[in-house]
Amino acid sequence: MTMLPEVELPSVDMQASLGGVPMVSPVLTASGCASFGRELDPFFDLTSIGAVVTKSVQLRPRSGRATPRMAETPSGMINSIGLQGPGIDGLLADELPWLAERGVRSLVSIAGARTEDFAELAERLRGAPGVLGIEVNISCPNVESRGEVFACNPDASAAVVAAVRAAADPAHPVYAKLTPDVTDIVSVARACADAGANGLSMINTLLGLVIDPDTMRPVLGGVTGGLSGPAIRPVALRCVWQVHAALPNVPILGMGGIRTGLDALQFILAGAGAVSVGTAVFNDPSAPARIHAELADALGERGFGRLADAVGYAHRAPDEGSPGRHR
Amino acid sequence: MSQDDGATRMVSLPTGERVLPPVPGSGTGLLGQPAPPAEHPPVQGLAVVVGSRPVSAYTELTLEAPDIAEAARPGQFVAFAVGGPTSAMLLRRSIAIAGVGGGRFSVVVSAKAAGSTWLAGLRPGDEVDVVGPLGRPFPLPPPGTPALLVGGGYGAAALVGLGGLLRSRGHEVAAVVGAGDEDRLCSVEDLSAVAAPFVVTTDDGSAGRAGRVTGPVAELVSGAGVVYACGPMPMLAAVAQLATDRGVPSWVAVEESMACGVGVCMTCVLPVVGADGRSRFARSCTDGPVFAGDRVRFADVGTLPPDLLGADAMTLAHTPAGEGETP
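Quick note, the sequences are listed as chains A and B, same order.
Counting from 1, position 83 in the first sequence corresponds to residue 83 in UniProt numbering; the numbering is continuous, with no gaps.
Counting from 1, position 106 in the second sequence corresponds to residue 106 in UniProt numbering; the numbering is continuous, with no gaps.
Just so you know, the hints here were simulated from the structure itself, not pulled from any lab data.
Fair warning: this is a prediction, and the values are worked out from it, not measured in the lab.
Keep in mind that the hints are not guaranteed to be accurate.
As the list claims (entries may be wrong) - Restraint ranges, calculated between C-beta atoms of paired labels, are given here:
| no. | chain 1 | residue 1 | chain 2 | residue 2 | range |
| --- | --- | --- | --- | --- | --- |
| 1 | B | P306 | A | D155 | 33 to 41 Å |
| 2 | B | S222 | A | T47 | 53 to 61 Å |
| 3 | A | D214 | B | S222 | 37 to 45 Å |
| 4 | A | V223 | B | P306 | 18 to 26 Å |
| 5 | B | A275 | A | P97 | 17 to 25 Å |
| 6 | A | R114 | B | D203 | 50 to 58 Å |
| 7 | B | R209 | A | P97 | 51 to 59 Å |
| 8 | B | G205 | A | D94 | 51 to 59 Å |
| 9 | A | D214 | B | S168 | 26 to 34 Å |
Note that beta-carbon positions come from the ideal geometry of N, C-alpha and C, so glycine has one too.
With the sequences and hints as input, model every part of the structure.
Printed below as a string of structure tokens:
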């Protein structure tokens, strides 16, 4: 390859899909890492990415937890925000119109304490302008009853997903967001898919803890919190790999520690049709646009003309094609 | 927000007059309004270090970044990425802008842990990714208003630009600068050049008057029409209280730990009374760092006050996800 003269790479078709709904880019923000999008407007063109994934919204406004809410960890951070947010009324009145007026598409993350809450939220989002779909956050670790995260139980996950699918706008794909903090993520993924999920978002944060050596107490006001950032990337990638292997026809929105185009490429190769960029935005607020460009280059360098051809490519049989020269 | 618990609902009196019932933390009788947002949006880019010098216990860095320097107003800050593009430290370090001029800005770095030590070790010619200017600047007082500036530790650096601006606009400026000891005093020369009277305090008496800034502040505040303060939270609380007790409006630039600096992470919140009299968890980065001193509920920082907007939603009963499920 080094003998070849340098040529301009052919442009890669980066069109992606969210449960059948086309997107101009496979790169999205991640829930809880971009607020409702507008703070990132100064840093890159929000219409150039697949969608802004909103912070999880609930039926009522929530104050969130007491501070301290975060601690830096090696190649990551741990947070316990507690889903601070304006509630569905604030989202519909202030946030979604701002995005829609600018042509920015949104994937609205919803969260609730009861199955009915999720269904009501999905119902309220019917016909909302600019909304591409719904991400069902059944896996936030920073809820009141930490041992009772929906996504830790296949039946509870399925109940929420089915209720949301029934209540949601038929045009809105419903993605279930899963936690890696389970023994068998495939069984939860399968339950969600069987219940009508149009796709799966993987992964939410891992539950973690940091203790301050000076105070000799947990750093976070919420004691435990969600670990995110590049530190969790191999775990996330493993989850995407396992679920794609078991359920190859279920679309996956991959996330967990993506910081560069090559990181995103790993998720695509493992089976994700699109990716969310989360904690990296705190380090680099223009990361989603940068990662889109880097991913396009990385695909082109490897001979891919279309993003879609690379999805799940790492699962091919050993004798199938020569690595890195797919056409 | 549209879903209140009714605590600040307007009450119609028989006379038709509408009054706000007195509730704890309500906006009635407060001296300061929320600080207005900055005129210019932030930008992100590489800044070149053009100067580094030790200033007592700190390091003063000067960086070339014309777009930031020209847009910056006193009270605003910048957020640095630390450790280079592959750094394991993902979170931005937010530091107040100490001075601007000639396309450059300066900051005072207090090297405490790995990130700030890396910053303090930058040398002329090095490049660093900076986002700025961020946050709301200090609002300026009506012409002729005498101002009192109060700085604690390296927080005094954030008042240097303000002191110069107030003087150039014809305001009388007094200043009190304090620290634990002489070595941790900051910006003494710069502030003494623009302020008279100018008082230095140290807790241990190693320089200036022995004791806290509150002694001289109590003496000088009656002659001031406005107070500006930057420093540790307990100092800000005490200074704001002294000002409020004497009917003098105050502006405080708070120090809260931030992950992103741009408003998306929701980690840097503190309880603040809004324009409508309702208390919310406000972001130090985009709603601050400058707040009216009598709107910050200093005593409640680090707690979840029950009257906060959305606090009631934090204790909702959670429906168990499944029988005996304990992840």
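Which numbered conditions among the earlier hints are violated in the structure presented, ordered from lowest to highest? 9
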